[in-house]
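*Asks:* If you want the building blocks of each chain, they are given just below.
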Amino acid sequence: MSEVMIVAKRIENHEVGPVQELKGRELKELSVYSVADALRYFSGVQVKDYGGVGGLKTVNIRSLGTNHTGVFLNGIQLGNAQNGQIDLGRFSMDNMEALQMYNGQKSSALQTAKDFASASAIYMRTRKPYFIGAEKGYRCNVGMKVGSFDTYNPTLIWEQRLSDKVSAMLSAEYMTTSGKYPFSYAKKNGYDTTEVRKNGDVMSLRIETMLAGEMQGGEWCGQLYFYDSERGFPGASVREEPGKFRHQDRQWDTSVFAQCSWQKRFTKRYQLMFNGKVAWDYLHYLSDPNLDITTMYTDNEYRQTEAYLSVSHQFGITPWLKASLANDVQYNYLDANLTNFVYPWRWTVLSALAMNVEWKGLTAQASLLHTWVKDEASKVGSVGLHKSVFTPSVVVAYKAMDDKRGMLNIRAFYKRIFRMPTFNDLYYTFIGNKALKPEYTTQYNIGLNYNRTMGQGWLRRLEWQTDAYFNLVEDKIVAMPTSNQFRWTMMNFGLCHIWGVETSLKASWQIKRVGVGTSLTYTFNRAMDKTDRRSEFYGGQLPYIPWHAFSAIVSAEYRGWRLNYSFIYTGERYESSANIPENYSQPWYTSDLGLSKQFRIKKVALRFSVEVCNIFNQQYEVVQCYPIPGTNFKTKLNVEI
Amino acid sequence: MKKRVYILLLGICMVWTGCRTDAEDIIPSQDEEVSTGNSAQTTESIKGFYLLNEGNMGSNKCTLDFYDATTGIYTRNIYAEVNPSVVKELGDVGNDLQVYDGKLWAVVNCSHFVEVMDAGTAEHITQISIPNCRYICFDGEYAYVSSYAGPVQIDPNARLGYVAKIDIKTLQVVDTCTVGYQPDELVVSDGRIYVANSGGYRVPNYDRTVSVIDIASFRVVETIDVAINLHRMEVDKRGYVWVSSRGDYYGRGSKTFVIDTKGNEVCDSFEVANSEMTISGDSLYIIGSEWSYVSNSWRVTYKIIDTEKRHVVSENFIADGTGSRIRMPYGVAVNRYAGEFYITDAGNYVSPGTLYCFSLDGVLKWSVRTGDIPAHFAFVSTPWHKPNKEVKIEE
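Chain order of the listed sequences is A and B.
According to the numbering used here, the first sequence holds residues 1 to 641 in order.
According to the numbering used here, the second sequence holds residues 642 to 1036 in order.
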């Protein structure tokens, strides 16, 4: 049988700008809990991780800041108008097929205006129901994952063929974990303490359904997504009398959204695509002094509503020139039970005009994005944001070599884009500042990629890419204290200069009957805080940005067995732009090992895996005072009929 | 071949330097000579001061510095080095610092205890557990600490704070007394404790009162209505209590009030914004660093009120324009004997602040880098010295 029955069916677009991808079995075999963990294997990505299964995990690409990363699920952007953060720790790997990361933007001719609208983007693609030829009418995959921290994670995927052209899928998952893990802090000739992380439990349920179909010259897909969770907040691990007070803060989340996309090629020259989405999010945060006497009583509820519609056209003007136009409209509303809250809503209209050129060895995309944003609120005079802005981008690639020695592309891009202040930045009681301006980024990138496929010998395929870049972040939105520690406000204060080089090398080997894959990435980053010329720390490396980062994945496959070793290294960094010993953070590096076996018993396909993460039990933090688990295990069994 | 060896060596070096050490080093204290010192001053009672840096909430970066006025040496971050066995150093958010009975008392707000140290060496003696503790004052054999964490009511939002009474000999909490909502600074005047209640957790229903505790019975005997969101307190020579109101950061600004402790009523008030103040003789130094969410801007003032004549005698006690360098004035202290006053700048709260020393006429003498959010001063009559480590001699 074929190992992977579901063939990713996608029109392969030749990407012009830098892109990295993890998919298929390479992705499946990584010893990771969530999408956030997998993204650490891309160069140029910093994952901010508050530790444990339930801890918030966000990504920062090329030091531009979390809010400059667009996160897309099956082609449509995930939104959070409240704080702009997408917790990638919540996206399960269970039905994930591919992860892609684009610097600058995706440059296919037919895409939404949102695809142009962020400084970098992560695309998550989940499994789609797909049946080939005379295959039987259904497929069912049941899985159970059991791991450290009392983690139990049953999963189900049911795919049903409804007709020759239409298939349906149900994907469901339940996860529970106590989130308890020991962690240590030690100083040379000083204290050495081991504590247990508490109140880090999570219970979550995800149910998704999908209906996908094909038609003459096109395809369509509809998706309904439901996520519900309850989690505890373990809080910062600061000096306290051990066991005296327990953090008891809790959060409940519910997300429901429906999205659909439809695309069709009408003539040789014209293609049309629709995308649409409605989403509803509920967040409830409770901090109760009845449970933890040290705390301030907080019982906040937030409700977000989002509606989105996009229409994109592609026109083939000549065989080597395509023009495209995309128009998106989005509505966001935030309701919260906060004192003096303004109940804001926002209209966003995005229009993107792009030209794609493919002429001899040259491919290029030039685009111009217009963004129109207007905030309104039920309280008159409480909002003032109204913007109309044009932002350009240019991506160029030149095929310098394409023969039996391999293919070499030289590429460059320029992009200027901004992020809007979020509802929290603008209107959060006691923090928000409605005078905020958008935060701009400008990116310059030059690089190359090379790949070569060999028919024989040990080395079968080689892919290498390297990019060097300079980024500018202007009017950075930062939290600033007001007159005391407990009252902050948001301001356009920061200026950052970011230089970097990143490189990745992927290779496939065939050593007798053993298939070996290796993947290495390296990132150098010099991210300077150029905010305050008078400051003693002017030019200091931005918080949590390592100068050097490295990752490696090595896998070996033999007769359905697969051994996977992965390594991550994050070099020294500082917890503040003040690069002084008090803020120094040691390098950390972890090794994960996984072993899996795929086999068949009659018509049943089975997959069994065991994984060990952080083999050397390194005790480290990604974010100050939020310890990461030491050695942990998980095992998983999947049965597919 | 040679080339390969070099590359290998280079690789090994890179790997080796990029590794972490098993246990981190304790961050050593750092000395910086900021002035020539004043040995003539040794006849006076003040030989220097401790400065407590709050550290941003959740960062566990409360640190302690010392300025030795006799040598002119400023020493940063002394606690970790002196107390290597104390787990996670001084803790999270140092909110007050005082010297009393040969001990140094630091109220560590988000670590929920009062850290008691030796005043001469800053060696850890003990910690006294008080959840959400805020400020400390002393009278006779007892220390009094305000705390937000009073008994939880049916309505968890209506939760009164309390004052804990600590026996300074046994270093134990011996009694508590419930006061107003979210009590902040407290002072002793004429056998009573005056507690400024803020009600900061109950926005917009701030507390407006000062609770008066009779020390002998340790019960609230009176409650004085003053203004919303009370914060700082000072007692002048004549026993009057000066109290600051933070305002609401919107329409109602920060102000300064005077309480007559004879009749326990407000006897005077000033339209002087007040985020921190200190008294020296008859001069009340007030920093007003006021933020308004209406105009989205700060207004910073440095004023002196004559506590006897009750009027503003200086509209700007920084005379040389240094004020423009100070981004976020936070703490203030005066050493009359040395003819100096000190202002701390908390900067952006997440990187080290600055301590500025001025002569009494408002001209800058020196400045030095501190820890994060330098805030609270405690003067001492003997300079800090490193504890004598026991040296084991093997025979």
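It should be emphasised that the hints constitute simulated quantities derived from the structure, not laboratory data.
One thing to keep in mind: the hints can contain errors.
To be verified - Below are the DSSO-like pairs computed for lysine-lysine, each with C-alpha atoms no more than 27 Å apart in a straight line:
id, chain 1, residue 1, chain 2, residue 2
1, A, LYS268, A, LYS187
2, A, LYS399, A, LYS434
3, A, LYS48, B, LYS729
4, A, LYS180, B, LYS729
5, B, LYS729, A, LYS187
6, B, LYS1027, A, LYS188
7, A, LYS603, A, LYS165
8, A, LYS198, B, LYS729
9, A, LYS188, B, LYS1006
10, A, LYS244, B, LYS1027
11, A, LYS244, B, LYS729
Unchecked claim - Ranges of calculated distance between the beta carbons of each label pair, as one might list FRET restraints:
id, chain 1, residue 1, chain 2, residue 2, range
12, B, LYS1027, A, TRP547, 30 to 38 Å
13, B, GLN813, A, SER378, 49 to 57 Å
14, B, VAL935, A, THR442, 46 to 54 Å
15, A, THR635, B, VAL814, 43 to 51 Å
16, A, PRO242, B, ILE766, 36 to 44 Å
17, B, GLN813, A, PRO242, 28 to 36 Å
18, A, LYS374, B, VAL935, 52 to 60 Å
Even glycine gets a Cβ: it sits at the ideal position worked out from N, Cα and C.
*Asks:* Would you mind marking each hint as holding or not holding in the structure?
*Replies:* These are the hints, each one checked on the structure:
no.: 1; hint: LYS268(A) / LYS187(A); in the structure: 69 Å, violated
no.: 2; hint: LYS399(A) / LYS434(A); in the structure: 48 Å, violated
no.: 3; hint: LYS48(A) / LYS729(B); in the structure: 22 Å, holds
no.: 4; hint: LYS180(A) / LYS729(B); in the structure: 21 Å, holds
no.: 5; hint: LYS729(B) / LYS187(A); in the structure: 9 Å, holds
no.: 6; hint: LYS1027(B) / LYS188(A); in the structure: 19 Å, holds
no.: 7; hint: LYS603(A) / LYS165(A); in the structure: 25 Å, holds
no.: 8; hint: LYS198(A) / LYS729(B); in the structure: 18 Å, holds
no.: 9; hint: LYS188(A) / LYS1006(B); in the structure: 39 Å, violated
no.: 10; hint: LYS244(A) / LYS1027(B); in the structure: 31 Å, violated
no.: 11; hint: LYS244(A) / LYS729(B); in the structure: 16 Å, holds
no.: 12; hint: LYS1027(B) / TRP547(A): 30 to 38 Å; in the structure: 35 Å, holds
no.: 13; hint: GLN813(B) / SER378(A): 49 to 57 Å; in the structure: 54 Å, holds
no.: 14; hint: VAL935(B) / THR442(A): 46 to 54 Å; in the structure: 34 Å, violated
no.: 15; hint: THR635(A) / VAL814(B): 43 to 51 Å; in the structure: 50 Å, holds
no.: 16; hint: PRO242(A) / ILE766(B): 36 to 44 Å; in the structure: 19 Å, violated
no.: 17; hint: GLN813(B) / PRO242(A): 28 to 36 Å; in the structure: 19 Å, violated
no.: 18; hint: LYS374(A) / VAL935(B): 52 to 60 Å; in the structure: 23 Å, violated
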